[in-house]
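Q: Chain by chain, the residues:
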Amino acid sequence: MTDIIHTSAADLADALAAKQLSSVEVTQAHLDRIAAVDGAVHAFLHVDAEGALATARAIDDRRAAGETLPALAGVPIAVKDVVATQGLPTTAGSKILQGWIPPYDATLVTRLKAAGMPILGKTNMDEFAMGSSTEHSAYGPTHNPWDLERIPGGSGGGSSAAVAAFEAPLAIGTDTGGSIRQPAAVTGTVGTKPTYGGVSRFGLIALASSLDQAGPCTRSVLDAALLHELIGGHDPMDSTSIDAPVPPVVEAARRGDVKGLRVGVITEVSGKGFQAGVRARFTESLDLLAELGAEIVEVSCPSFEKGLAAYYLILPSEASSNLAKFDAMRYGLRVGPEGVVAPSAEQVMAATRDAGFGDEVKRRIILGTYALSSGYYDAYYGQAQKVRTLIARDFAAAFEQVDVLVTPTAPTTAFKLGEKLDDPMAMYLNDVATIPANLAGVPGISIPNGLADEDGLPSGLQILAPATRDERLYQVGGALERALEAQWGAPLWTKAPRLEESR
Amino acid sequence: MSSLSRDEVAHVAMLARIQLSDEELDKLAGQLDQIVGYVGQVNEIAADDVPPMSHPLPLVNVTRPDEVRPSLTQEQALANAPASDLGRFEVPRILDED
Chain G
1 MTDIIHTSAA DLADALAAKQ LSSVEVTQAH LDRIAAVDGA VHAFLHVDAE GALATARAID
61 DRRAAGETLP ALAGVPIAVK DVVATQGLPT TAGSKILQGW IPPYDATLVT RLKAAGMPIL
121 GKTNMDEFAM GSSTEHSAYG PTHNPWDLER IPGGSGGGSS AAVAAFEAPL AIGTDTGGSI
181 RQPAAVTGTV GTKPTYGGVS RFGLIALASS LDQAGPCTRS VLDAALLHEL IGGHDPMDST
241 SIDAPVPPVV EAARRGDVKG LRVGVITEVS GKGFQAGVRA RFTESLDLLA ELGAEIVEVS
301 CPSFEKGLAA YYLILPSEAS SNLAKFDAMR YGLRVGPEGV VAPSAEQVMA ATRDAGFGDE
361 VKRRIILGTY ALSSGYYDAY YGQAQKVRTL IARDFAAAFE QVDVLVTPTA PTTAFKLGEK
421 LDDPMAMYLN DVATIPANLA GVPGISIPNG LADEDGLPSG LQILAPATRD ERLYQVGGAL
481 ERALEAQWGA PLWTKAPRLE ESR
Chain F
1 MSSLSRDEVA HVAMLARIQL SDEELDKLAG QLDQIVGYVG QVNEIAADDV PPMSHPLPLV
61 NVTRPDEVRP SLTQEQALAN APASDLGRFE VPRILDED
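These protein sequence lines map, in sequence, to chains G and F.
Residues 1 to 503 (the UniProt record's numbering) make up the first sequence, in order.
Residues 1 to 98 (the UniProt record's numbering) make up the second sequence, in order.
To be clear, the hints were calculated from the coordinates, so they are not data collected in a lab.
Bear in mind the structure is a predicted one, so any value in this text is a computation, not a measurement.
Among the clues, some could well be false.
[Said to hold, decoys possible] Straight-line Cα separation of at most 25 Å, DSS-like style, residue types lysine-lysine; simulated pairs:
no.: 1; chain 1: G; residue 1: K362; chain 2: G; residue 2: K420
no.: 2; chain 1: F; residue 1: K27; chain 2: G; residue 2: K416
no.: 3; chain 1: G; residue 1: K95; chain 2: G; residue 2: K420
no.: 4; chain 1: F; residue 1: K27; chain 2: G; residue 2: K420
no.: 5; chain 1: G; residue 1: K95; chain 2: F; residue 2: K27
no.: 6; chain 1: G; residue 1: K416; chain 2: G; residue 2: K362
no.: 7; chain 1: G; residue 1: K95; chain 2: G; residue 2: K325
no.: 8; chain 1: G; residue 1: K362; chain 2: F; residue 2: K27
no.: 9; chain 1: G; residue 1: K416; chain 2: G; residue 2: K272
no.: 10; chain 1: G; residue 1: K272; chain 2: G; residue 2: K420
no.: 11; chain 1: G; residue 1: K325; chain 2: G; residue 2: K362
no.: 12; chain 1: G; residue 1: K362; chain 2: G; residue 2: K95
[What the hints assert, rightly or not] Now the in silico label distances, taken between C-beta atoms and shown as ranges:
no.: 13; chain 1: F; residue 1: S5; chain 2: G; residue 2: S209; range: 28 to 34 Å
no.: 14; chain 1: G; residue 1: S300; chain 2: F; residue 2: P51; range: 18 to 24 Å
no.: 15; chain 1: G; residue 1: I296; chain 2: F; residue 2: D49; range: 31 to 37 Å
Even glycine gets a Cβ: it sits at the ideal position worked out from N, Cα and C.
With the sequences and hints as input, model every part of the structure.
A: Set out below in structure tokens:
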């Protein structure tokens, strides 16, 4: 094994178990890569070389002592900065949390640590996960490794870019309306949003509590399954956590068989109005699934057309409530209003929230406060909740006819940084295909399905399954990945341009 | 409906405790009006008989045993405070002086 950073997490785990590699070597190789390319990519907000190497050394010692270790022990990982990590700065991409050091770990971080995985650092993101490009990060955008002038998707663009730029074999993302799947699509990587309740939300800085879900960001379907299995499962610290075993995702990824499976194409999200190259790759993926023995069926989900509107009421409403805790009293930024002697707590609060929140966060807090305010509640938040019911019913009806649904993950390939920054509605339209899954709580995965002809940039295929049947994502994703890579002769990432390394 | 004036944005920002400058108000008001116009289309769906959905999971009354368990120490809880004194959060005045 000569090239550590281009190796999958599954293969790294095997090499570590066989003692062909040490965790210190693997971790150091990724830290070196971060040092060499992250100046240009800016996937990380914080790198913890010392902590990661200490974990790696401890794992190497335990392995040398003959201990039986978890499958991913010693494989390093990057964690999105919206996830609390004890002792490591956690900002959620916001100035209001600059310098905050969580006094506790998110449950999923506790599991990564228990599995002996060195944490390389915290990845960049749109502020409080509001955005589709990472341009709303208070610390500057992340750049897409395929073209540094383009967006890496969002909100989890740091995690997708870290994996795409070989700065980490694995990363944690969170997905409220597509923040794992859309970044995966535009960076040629894999990302899963598990069933709502499948992964504990304890220790995630909440954006919209009824929509948020953490999941894996990787370069292969099997790697995503391995990480999904590790972080998933019941957690008594999260009252919405599903009290049932994690679906058999790893077995499904390895099996990767679609013979006889019914695959649904959603009339309303079948690529009309999407970029030509994205549509072309989608059609080819459908043909390939049919060749592999799947039955392609068209289904209609008429309420999906109102999904984006319902989402941009439900999310801001929940966010305005969740972000009320940033009040400058117990943690985070505190600034006084200018020119006021002995300001009141309320004045300090209002001045701090103006100084600490970026434009997109302010837009959504105000929108949500408005939607929940007396006199408007029924027309906005109440009506959006009814649309949500109709979308869940559309999914239920569709899954009576098919085993999985597929769509293009995002309407376009990666767009240029700055292109949509001052047009919030244009930015919101990126999420049109991914949002329905969050509203209904069903799981989804995005896998790379080729490059668009017009710009040579990656496109993604989204697979959706019924709630708690996450294994189907991996079953179909694994089959399609294998067939696509057989056609290409190698994984898609081998076609990515080489990043210049600086030292 | 589906229109949001600059004054309304200022009022809602006050409710949300965000002190916006005049320039911010000018910028946000136009954008928010456009967004409110778009999201207002949820009213195009006739849904009088449709129940609202607040949550994807049909969970009710999830409780935990009422037992003492480890929590943050006072020192940990105060470690990130903007100001603290005598083991407590120190906050600006909450009452007007007159």
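Q: Work down the list of hints and note, for each, if the structure agrees.
A: Hint-by-hint comparison with the structure:
no. : hint                       : in the structure
1   : K362/G / K420/G            : 17 Å, holds
2   : K27/F / K416/G             : 23 Å, holds
3   : K95/G / K420/G             : 22 Å, holds
4   : K27/F / K420/G             : 15 Å, holds
5   : K95/G / K27/F              : 21 Å, holds
6   : K416/G / K362/G            : 24 Å, holds
7   : K95/G / K325/G             : 15 Å, holds
8   : K362/G / K27/F             : 11 Å, holds
9   : K416/G / K272/G            : 22 Å, holds
10  : K272/G / K420/G            : 21 Å, holds
11  : K325/G / K362/G            : 14 Å, holds
12  : K362/G / K95/G             : 13 Å, holds
13  : S5/F / S209/G: 28 to 34 Å  : 31 Å, holds
14  : S300/G / P51/F: 18 to 24 Å : 22 Å, holds
15  : I296/G / D49/F: 31 to 37 Å : 34 Å, holds
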